[in-house]
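2 protein chains.
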Amino acid sequence: MEEGRGKSRTVVSIYGQQYTIVGTENPEHVKRVAKFVDKKMREVKGNNPYLDTNKIAVLTAVNIGNDYLALLKKLENEKKDEDL
Amino acid sequence: MEEGRGKSRTVVSIYGQQYTIVGTENPEHVKRVAKFVDKKMREVKGNNPYLDTNKIAVLTAVNIGNDYLALLKKLENEKKDEDL
Numbered sequence: 036m037e038e039g040r041g042k043s044r045t046v047v048s049i050y051g052q053q054y055t056i057v058g059t060e061n062p063e064h065v066k067r068v069a070k071f072v073d074k075k076m077r078e079v080k081g082n083n084p085y086l087d088t089n090k091i092a093v094l095t096a097v098n099i100g101n102d103y104l105a106l107l108k109k110l111e112n113e114k115k116d117e118d119l
Numbered sequence: 036m037e038e039g040r041g042k043s044r045t046v047v048s049i050y051g052q053q054y055t056i057v058g059t060e061n062p063e064h065v066k067r068v069a070k071f072v073d074k075k076m077r078e079v080k081g082n083n084p085y086l087d088t089n090k091i092a093v094l095t096a097v098n099i100g101n102d103y104l105a106l107l108k109k110l111e112n113e114k115k116d117e118d119l
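Line by line, the protein sequences give chains X and H. Adding 35 to a residue's 1-based position in the first sequence gives its number in the numbering used here. Adding 35 to a residue's 1-based position in the second sequence gives its number in the numbering used here.
Any given hint could be a false lead.
Copies of one chain are not kept apart here, so a pair can be met inside one copy or by any two copies together.
[Claimed, not checked] Derived BS3-like pairs: lysine-lysine, alpha-carbon spacing no greater than 25 Å straight-line:
| # | residue 1 | residue 2 |
| --- | --- | --- |
| 1 | K42 | K70 |
| 2 | K66 | K42 |
| 3 | K80 | K42 |
| 4 | K74 | K115 |
| 5 | K80 | K114 |
| 6 | K42 | K114 |
| 7 | K114 | K90 |
| 8 | K109 | K42 |
| 9 | K70 | K80 |
| 10 | K108 | K80 |
| 11 | K115 | K80 |
| 12 | K80 | K109 |
| 13 | K42 | K108 |
| 14 | K109 | K90 |
| 15 | K42 | K90 |
| 16 | K66 | K80 |
| 17 | K90 | K80 |
Since the hints were made in silico from the structure, they are not lab data.
Start from the sequences and build out the full structure, keeping to the hints where you can.
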């Protein structure tokens, strides 16, 4: 998260809070990811209306992390199948 | 996140806070995901020492969401290649 050559700054809104994302990814992509996280946070909130924002954010990271690791495993298994 | 048939309750520690994760996933898997998120949160904190825990958690979700969407795209492209 620092200003640098070839880096773009993108302001996004996630769960009612603004964030400036600095990175090499293009702004459209950053906005897509932010929208995805915002949607996931609202889903978690819907299932756990009593949780505070901090816990909503952590549980959202857990949910996305779960999906990410599952996808990674699927990709590795497909590679293994190809090697057989 | 509710108690039910075939559901397990797993207590995990993420970024110094305890969470009870209820779901159909096995506890070992839940602990692996929690460890992954904890590590990612500490990486984000290392890069942004001035951010509060809430923002650390949201930015962690953004980072993992970015990795997830990139992997999803890779998987879709591989499928497209197979169809050619």
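Checked hints:
1. K42 <-> K70: Cα proximity of K42 and K70: one copy only (20 Å, versus 30 Å across).
2. K66 <-> K42: within (15 Å within a copy, 35 Å between copies)
3. K80 <-> K42: The answer is between: 20 Å across copies meets 25 Å, while 33 Å in one copy does not.
4. K74 <-> K115: neither (34 Å within a copy, 27 Å between copies)
5. K80 <-> K114: This pair counts as neither: shortest intra-copy Cα distance 36 Å, inter-copy 34 Å.
6. K42 <-> K114: neither (33 Å within a copy, 31 Å between copies)
7. K114 <-> K90: neither (36 Å within a copy, 36 Å between copies)
8. K109 <-> K42: between (32 Å within a copy, 23 Å between copies)
9. K70 <-> K80: This pair counts as both: shortest intra-copy Cα distance 15 Å, inter-copy 22 Å.
10. K108 <-> K80: neither (28 Å within a copy, 27 Å between copies)
11. K115 <-> K80: Close neither inside one copy (38 Å) nor across copies (35 Å); limit 25 Å.
12. K80 <-> K109: Neither: 28 Å inside a copy, 30 Å across copies.
13. K42 <-> K108: between (31 Å within a copy, 22 Å between copies)
14. K109 <-> K90: neither (28 Å within a copy, 30 Å between copies)
15. K42 <-> K90: between (31 Å within a copy, 21 Å between copies)
16. K66 <-> K80: Both ways: K66 and K80 sit 21 Å apart in one copy and 22 Å across, limit 25 Å.
17. K90 <-> K80: For K90 and K80, both the intra-copy (10 Å) and inter-copy (17 Å) Cα distances are at most 25 Å.
In this structure, the hints that do not hold are numbers 4, 5, 6, 7, 10, 11, 12 and 14, in rising order.
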